[in-house]
Amino acid sequence: VAQGWAQIVVFLLVLTALVPLVGSYIAAVFQGERVFLSPLLGPVERFAYRVLRVRPEEGQDWKAYARSIVVFSLLSWLALYLILRTQGVQPLNPEGFGSGPWNLSFNTASSFVTNTNWQYYGGETTLSYCVQMVGLTVQNFVSAAVGIAVLAAVIRGFAARSGSALGNFWSDLIRINLYVLLPISFVAALVLVSQGVIQTLDGSQTFHTLAGGTQTLALGPVASQEAIKELGTNGGGFFNVNSAYPLENPSSLTNVVELMLILVIPASLTYTFGRMIGNRRQGWAIYGAMMAMFLVAVAVVYAAEQHGSPAQHHAGLLTASIEGSTGGNMEGKEVRNGIAQSSLWTAVTTVTSCGAVNAALDSLTGIGGLVPLASMGTGEVVFGGVGSGLYYMLLFVLLTVFIAGLMVGRTPEFLGKKIESREVKLVLVGVLVTPLLVLFAAAWAVASPDGTQSIYNHGPQGFSESLYAYMSQANNNGSAFAGYTGFIQPNAPGNVGSEAFSFANLLGGVVMLLARFLPMIAALAVAGSLAGKRVAPAGAGTFRADSPTFVVLLIGVVVIVAALTFFPAFLLGPVVQGLTDQLF
Amino acid sequence: MSGLRKDLLTATMAIVFLTLVLGIAYPLVTTGAAQLAFPGASDGSKVEMDGKVVGSKLIGQDFKGLPRYFQSRPSATEYSGDVTYFNNLGPNSRELSGFFAEQLAAYLKRQRPYNPGLSAADVPVDAVTTSASGVDPHISLANARIQARRVAEVRDLSLTRVLDLVDEHTAGRFLGLFGEPGVNVLELNVALDQGAAE
Numbered sequence: 333v334a335q336g337w338a339q340i341v342v343f344l345l346v347l348t349a350l351v352p353l354v355g356s357y358i359a360a361v362f363q364g365e366r367v368f369l370s371p372l373l374g375p376v377e378r379f380a381y382r383v384l385r386v387r388p389e390e391g392q393d394w395k396a397y398a399r400s401i402v403v404f405s406l407l408s409w410l411a412l413y414l415i416l417r418t419q420g421v422q423p424l425n426p427e428g429f430g431s432g433p434w435n436l437s438f439n440t441a442s443s444f445v446t447n448t449n450w451q452y453y454g455g456e457t458t459l460s461y462c463v464q465m466v467g468l469t470v471q472n473f474v475s476a477a478v479g480i481a482v483l484a485a486v487i488r489g490f491a492a493r494s495g496s497a498l499g500n501f502w503s504d505l506i507r508i509n510l511y512v513l514l515p516i517s518f519v520a521a522l523v524l525v526s527q528g529v530i531q532t533l534d535g536s537q538t539f540h541t542l543a544g545g546t547q548t549l550a551l552g553p554v555a556s557q558e559a560i561k562e563l564g565t566n567g568g569g570f571f572n573v574n575s576a577y578p579l580e581n582p583s584s585l586t587n588v589v590e591l592m593l594i595l596v597i598p599a600s601l602t603y604t605f606g607r608m609i610g611n612r613r614q615g616w617a618i619y620g621a622m623m624a625m626f627l628v629a630v631a632v633v634y635a636a637e638q639h640g641s642p643a644q645h646h647a648g649l650l651t652a653s654i655e656g657s658t659g660g661n662m663e664g665k666e667v668r669n670g671i672a673q674s675s676l677w678t679a680v681t682t683v684t685s686c687g688a689v690n691a692a693l694d695s696l697t698g699i700g701g702l703v704p705l706a707s708m709g710t711g712e713v714v715f716g717g718v719g720s721g722l723y724y725m726l727l728f729v730l731l732t733v734f735i736a737g738l739m740v741g742r743t744p745e746f747l748g749k750k751i752e753s754r755e756v757k758l759v760l761v762g763v764l765v766t767p768l769l770v771l772f773a774a775a776w777a778v779a780s781p782d783g784t785q786s787i788y789n790h791g792p793q794g795f796s797e798s799l800y801a802y803m804s805q806a807n808n809n810g811s812a813f814a815g816y817t818g819f820i821q822p823n824a825p826g827n828v829g830s831e832a833f834s835f836a837n838l839l840g841g842v843v844m845l846l847a848r849f850l851p852m853i854a855a856l857a858v859a860g861s862l863a864g865k866r867v868a869p870a871g872a873g874t875f876r877a878d879s880p881t882f883v884v885l886l887i888g889v890v891v892i893v894a895a896l897t898f899f900p901a902f903l904l905g906p907v908v909q910g911l912t913d914q915l916f
Numbered sequence: 011m012s013g014l015r016k017d018l019l020t021a022t023m024a025i026v027f028l029t030l031v032l033g034i035a036y037p038l039v040t041t042g043a044a045q046l047a048f049p050g051a052s053d054g055s056k057v058e059m060d061g062k063v064v065g066s067k068l069i070g071q072d073f074k075g076l077p078r079y080f081q082s083r084p085s086a087t088e089y090s091g092d093v094t095y096f097n098n099l100g101p102n103s104r105e106l107s108g109f110f111a112e113q114l115a116a117y118l119k120r121q122r123p124y125n126p127g128l129s130a131a132d133v134p135v136d137a138v139t140t141s142a143s144g145v146d147p148h149i150s151l152a153n154a155r156i157q158a159r160r161v162a163e164v165r166d167l168s169l170t171r172v173l174d175l176v177d178e179h180t181a182g183r184f185l186g187l188f189g190e191p192g193v194n195v196l197e198l199n200v201a202l203d204q205g206a207a208e
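Line by line, the protein sequences give chains V and Y.
Just so you know, the first sequence maps onto residues 333 to 916 in the numbering used here.
Just so you know, the second sequence maps onto residues 11 to 208 in the numbering used here.
Everything labelled a hint here was simulated from the structure, so no lab data went into it.
Ideal placement from N, C-alpha and C gives every residue a C-beta, glycine not left out.
Please note that the accuracy of each hint is not assured.
Which bits of chain Y does chain V cover? Going by a derived footprint, with three or more residues having C-beta under 8 angstroms, they are [unchecked claim]:
(1) 12-20
(2) 82-96
(3) 136-143
(4) 149-159
(5) 167-173
(6) 194-204
Part of the chain Y face toward chain V, derived, beta carbon under 8 angstroms [as the list claims (entries may be wrong)]:
(7) ALA24
(8) ILE25
(9) PRO37
(10) ALA43
(11) GLY54
Take these sequences, add in the hints, and give me the full structure.
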């Protein structure tokens, strides 16, 4: 078990070392500077501007920036929906899968455009290589780039000394894809292949097994999808069981590499922020707050999973660690990952909005399952999604500044800019939309027969599954207690039976769209409002936002907002199961 | 309105351009590079015996309880390599607990003739729980060491040789630190069939 903790600590130290490197690089990309890849990719970038008829230096105010995002995302949604619905006539479909049904395609299109990547679809059983590449991989890139672009715009608003321009969305979109996401994905994909992640256009292969049976192996261009799936905190698997499947994540090396890919951008962006506002301490303060909350999450889930589950104890299983075996709750986990790497993964993918899984979350212990729920319940601000995590966190920072201002009786200010009524109202819209959507959707889902038909497990776990489904979709995470509608997927040849339920598809799709774009627009509006504000020099009475006191206060605000909103719901599901040995 | 029209045009061109670069060029170039640099791995790390593909070293398979083979972990998917899903039963599931009890009894029944005195407390968790993928290629060292007695006796081999073979087919931790050691069941069984322990 000490071995397990050592893995986690070393991993986080390496991450922290990478933060300044990657963070400065991304800052250079945001600011349009030349980077080491410019000689190679500069011509592609300039060609893109010609095709798009965009002048990168032409700034947009927050409304124009937001409008470009909405139009781009809307057209992306339409494109993906059409691709899904016409799969049957497209090439690169060796298994001959038919086109997706309307309800599932609605959910999947919404899911990928919002960087959620919720899987009501079954990857290897319903999607052709063409759709995986041209549909899903593209959205994995661009939805991530949209999140990062919004952050770039928000940071510019915070840092601006005058004017109202937040940058140019099209230029941000192109530069982030070309200079950040694409090169890292390409290198990472090859590293993954070297370990056994597949990358081929051949169709599935059947062979006779050693014991005289047959086994069919689904293949495909997995590594290229896998790399961006992690790097963009997307999380939609090529295979239904996602990164638990050995052809997506075959070894302890790939597990660590994939975890690093997930965290590296959201973590490094705090440094990018610090650098661009000219106060690195501020970036590290936010990083510190995130890391502190993350450590609690990973410690709790690891301890809970190592303890084992009531189902195991009732069956007379020993769950203590013995020589040559980790012990613990290995149901729904892989031997090569063990308890430590599965727990670390669970925490990493749910504090970020990645939502990839390397273990079956539905089979986590009660308290172990509480961790991903609570991590998402923070609004995905503990590192969070690429870009979205930090711009969401900055809303919490402003809220904290406001509350601190109320406590000491001074006008709240951040980075020398006064936070006034308009900003606070926008912040509250941004911070409260998502939790309200979660509670509303989950309540509807458990109170109506249309919703409850999706539930798989008996007892409190059934409630947890429902809550998890809408918590995950509203926070654009994408991981699942996969029993929820999952039970109708498996035996489905082609598309039949993989439709989930219309109610779940539609409610989930709408929730994902609203929860992605409303807070995003609120964040842009706040940045637009701050951009033009005069900067007052810091005085003796200024409440410093880069101090340890502020970090504690920020954590307090995040936890209280999340806890107050979801605490009763958590009690009904995971906490009940964590406190009882009863079986259901 | 002109701003909106311009955005519609720009967005359309952006989607076309990005689809070409990210959806077609990127996966195809990656495929080409992967096939060149890592031909076996990019095609699924297939394992051959007597010139025939018998599986992938990364994908566990069903050894159907045959005593001469090391057995994989239980699977919720009948070791399917083309339709994957989780078992998805919760931590307090009565059904899951019943499943564990059955698996535990079956494991003890299979092993006790070869491991006298083996008790429930000796059985490692991975031996009675379903894996996440349904095709976990590995079992824990503890599980392999218990099964080694059966395999050695049924195949009339020395236990030491079989245990050595187990060690040979154990994937260690990355950098000696990350992940957990796992014994690759298919590779181990192929080695046994090829007479590696004789």
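Going back to the hint list, which numbers does this structure go against? As far as the earlier hints go, only 5 is violated by this structure.
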